[in-house]
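> First to last, the protein sequences are chains A and B. All residue numbers for the first sequence refer to this note's numbering, where the first residue is 1 and numbers rise by one. All residue numbers for the second sequence refer to this note's numbering, where the first residue is 1 and numbers rise by one.
It is worth saying that the hints were derived from the structure and are not from the lab. One thing to keep in mind: the hints can contain errors.
Repeated chains share a single entry, so a pair holds when one copy, or any two copies, can fit it.
[As the list claims (entries may be wrong)] Taking lysine-lysine pairs in the DSS-like style, the calculated list, with each CA pair at most 27 Å apart, reads:
(1) 105 / 119
(2) 105 / 22
(3) 22 / 98
(4) 119 / 98
(5) 208 / 168
(6) 168 / 22
(7) 22 / 208
(8) 208 / 105
(9) 119 / 208
None of these values were measured; they are calculated from a predicted model.
There are 2 protein chains.
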Amino acid sequence: MSELVTAGMVVIGDEILSGRTKDRNIGHLADMLTAVGIELREVRIVSDDEAAIVEAVNALRVRNTYVFTTGGIGPTHDDITADSIARAFGRPCDYDEKAYHLLEKHYASRGTEFSEARKRMARMPVGVEHIENPISVAPGFRVENVYVMAGVPAIFQAMLDNVIPTLKTGAKLISETVPSSQSEGAIGGPLGEIQAAHPETIIGSYPKYQDGTFWTEIVVRSRSAEALATAVDEIRAMLASIPDRQRAKG
Amino acid sequence: MSELVTAGMVVIGDEILSGRTKDRNIGHLADMLTAVGIELREVRIVSDDEAAIVEAVNALRVRNTYVFTTGGIGPTHDDITADSIARAFGRPCDYDEKAYHLLEKHYASRGTEFSEARKRMARMPVGVEHIENPISVAPGFRVENVYVMAGVPAIFQAMLDNVIPTLKTGAKLISETVPSSQSEGAIGGPLGEIQAAHPETIIGSYPKYQDGTFWTEIVVRSRSAEALATAVDEIRAMLASIPDRQRAKG
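Sequences are here, hints too, so could you generate the full structure?
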């Protein structure tokens, strides 16, 4: 019999508690974990406050296989998650060399100043492993069983896609990516209908920008190869049916 | 000076943790509390599990002015909130006479059987006050500073509308949003300095990403209109002083 694999989640952010931002990461994580047979046991939404973050992370990490945190790893003064996680583990927090160079190179390639604020995104507890961020470069990180990720939904989802395959799970999630020259705005409605018609899949769309071109990656995930194939076919048909006059804009 | 009025929230439901239902009550409660000057400090989403509910309710009720719970007061076998709240307060849980008659009358008027399952909705800790349910009759209830309400969003919202006017409320938090074409990385340093110089404000910055463009929303909150205005002026001046060449990228 499979061992029970459980998870806790800590959502960090005053903007969620004030209502200014409506969280979307809880629902996404819940869907993804369910799909791979990991049981999400508890979610805590806490303030950008070190004591609150430390308490929540420490409570959940000892009683679950995994803990996922979102939020507070950006460049501004209210992004205190890295320092708080370090505190929770009793480790120092410092500039991570690999992350620092990655970000330094990234900003140099864009001709943008590697400001003190941006350098903050290289701050991590010592001895962590990075979680790749294919959307905006600044990595998340893992310390022991705690995965610290971004709060911006598109970045969180992309980071999670890199994390999920590394976890102990109950059932393997398979996925297929359908690139589209369309923007999210052009396909969002029909894509939502396809999602609703296929509850056994989790469909996400991720905006891409490269060399002056906008495009979208649609990712379909499922535990069932058949369900995956059916949804992918419908998505391809939907994309092919969009009239050319809608294709130009963002 | 106004006393700080705080709140905790406990969202009860396996269906939220599995992703099957996406919670909407957290965002609604956050908006409502912010509007009346009550600070939502923490939200916990827990399973339909007595020990989990008891732990969350007991943790939050001693450290906040109010606690609001949603979910688990329906008629089915997994609706165990009433019994769990009773356990948290060390009180017996039994059929509340007033609630029982209310429901009995309601089902009789509809020619519907007042089944054992429906009778469950009359179970409450002894000695509570009802919270009226104008949508589907079955009342919520209050015990000490804990308000136990429905999970169905329309019913929760209607119950909350009856509760809010009875609460101690704090000074209203006012806020102003300053959008900026800058990225967080470009403004993080100077913004942090402005925050440090204005401790009576709470300044947050929220990265936005839409259709290939990165930008930032800066939100300034304060209980003092004067403090708010001063900080906003400084932020506008800071933004205006950033050279154009830094403006383009993320």
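> Under a CA distance limit of 27 Å, which applies to residue 119 and residue 208: within one copy, between copies, both, or neither?
The answer is both: 24 Å in one copy and 20 Å across copies each meet 27 Å.
> My question is about residue 22 and residue 98: at a cut-off of 27 Å on alpha-carbon distance, are they close within one copy, between copies, both, or neither?
neither (33 Å within a copy, 37 Å between copies)
> Indicate which option fits the pair residue 119, residue 98 if close means a Cα-Cα distance not exceeding 27 Å: within, between, both or neither.
So residue 119 and residue 98 pass the 27 Å test inside one copy only (12 Å; across, 62 Å).
> How do residue 22 and residue 208 come out at 27 Å by Cα distance, when the copy is not named: within, between, both, or neither?
Answer is both: 22 Å inside a copy and 13 Å across each meet the 27 Å cutoff.
> Under a CA distance limit of 27 Å, which applies to residue 105 and residue 22: within one copy, between copies, both, or neither?
Neither, since 33 Å and 39 Å both go past 27 Å.
> From the Cα coordinates, with 27 Å as the cut-off, is the pair residue 208 and residue 105 best called within, between, both, or neither?
This pair counts as both: shortest intra-copy Cα distance 20 Å, inter-copy 23 Å.
> For the identical chains here, do residue 105 and residue 119 meet the 27 Å Cα criterion within one copy, between copies, both, or neither?
Classified as within; 12 Å inside a copy, 66 Å across copies.
> Under a CA distance limit of 27 Å, which applies to residue 168 and residue 22: within one copy, between copies, both, or neither?
Cα proximity of residue 168 and residue 22: across copies only (25 Å, versus 30 Å in one copy).
> How do residue 208 and residue 168 come out at 27 Å by Cα distance, when the copy is not named: within, between, both, or neither?
neither (30 Å within a copy, 33 Å between copies)
In this structure, the earlier hints numbered 2, 3, 5 are contradicted, and the remaining ones agree with it.
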